[in-house]
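One-letter residues, chain by chain:
Number of protein chains: 2
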Amino acid sequence: MGRKEKARITVDIYNRPYTIVGTESASHIRMVASLVDQKMRDIHEANQHLDTTKLAVLTAVNTMNDYLKLKEENAALKAKLKEEEN
Amino acid sequence: MGRKEKARITVDIYNRPYTIVGTESASHIRMVASLVDQKMRDIHEANQHLDTTKLAVLTAVNTMNDYLKLKEENAALKAKLKEEEN
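Which chain is which? The protein sequence lines are Z and C, in order.
Position one of the first sequence corresponds to residue 40 (our numbering), numbered consecutively onward.
Position one of the second sequence corresponds to residue 40 (our numbering), numbered consecutively onward.
In isolation and in its complexed conformation, chain Z is listed as follows (with noise of 0.2 Å):
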C-alpha cells in the first residue's frame, strides 16, 4: 500500500500496438492515446505523403508547441494569482 501500482495498458495508436507503462488509470492512457492517434490522423489528411514516422515527430511536434503556449498561459495566471493575493 502506499506505493502507486505501475499498470501495463496496451493500446493501439494508427494501427501499432504500444505497451505503456505507467502509474496513470487505464482510462486516462486510453484517452491519451486516441488523442495522438487522432492528431496523426488529421496531420496524414492534410499531408498524405509523410511516412508514420515523420507523422508521428510531427504529432509530437504539435503537441509540444501546444504545451509551450499553456506553459506560458501558466506563468501568466500563477503571476496574475500572485498579484491578487497581495
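It is worth saying that the hints were derived from the structure and are not from the lab.
Check the hints yourself; a few may be wrong.
All copies of an identical chain are treated as equivalent in the list; a pair is satisfied when it fits inside any one copy or across any two copies.
Taking lysine-lysine pairs in the DSS-like style, the calculated list, with each CA pair at most 27 Å apart, reads [to be verified]:
#: 1; residue 1: K117; residue 2: K93
#: 2; residue 1: K45; residue 2: K93
#: 3; residue 1: K108; residue 2: K45
#: 4; residue 1: K119; residue 2: K108
#: 5; residue 1: K108; residue 2: K121
#: 6; residue 1: K110; residue 2: K121
#: 7; residue 1: K117; residue 2: K45
#: 8; residue 1: K108; residue 2: K93
Starting from the structure of chain Z, add chain C where the hints point.
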C-alpha cells in the same frame, strides 16, 4: 502587413530534416524541435530496442500526457482566480 507571415523552417529531429510551416518565430520552432529531439533521445536511452516510429509515437504520447496535466492545472488556476475575484 497585418497578416502574420508564414515562415518555412527546416529543423533536424532525430537525424531527419523536417520543414515546419507556421507563424511562430524561427527561434521558437527550433526550440520546440530541440525539445522533441531530446525527448526522443531520452526515450531511446531507456528503451534501446524501439524503432524510430515507436520512439516518435511514444514521444507524442508522453508530451500529450504532460499537456493534459498542465491543462487540468490551468483549469484549477482559472477557477481559483475567478473565486478570488468574487
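A quick look at each hint next to the structure:
{"no.": "1", "hint": "K117 / K93", "in the structure": "neither (36 Å within a copy, 36 Å between copies)"}
{"no.": "2", "hint": "K45 / K93", "in the structure": "between (30 Å within a copy, 21 Å between copies)"}
{"no.": "3", "hint": "K108 / K45", "in the structure": "between (30 Å within a copy, 18 Å between copies)"}
{"no.": "4", "hint": "K119 / K108", "in the structure": "both (17 Å within a copy, 20 Å between copies)"}
{"no.": "5", "hint": "K108 / K121", "in the structure": "both (20 Å within a copy, 21 Å between copies)"}
{"no.": "6", "hint": "K110 / K121", "in the structure": "both (16 Å within a copy, 19 Å between copies)"}
{"no.": "7", "hint": "K117 / K45", "in the structure": "neither (32 Å within a copy, 31 Å between copies)"}
{"no.": "8", "hint": "K108 / K93", "in the structure": "both (23 Å within a copy, 25 Å between copies)"}
Checked against the numbered hints given earlier, the structure breaks hints 1 and 7 and satisfies all the rest.
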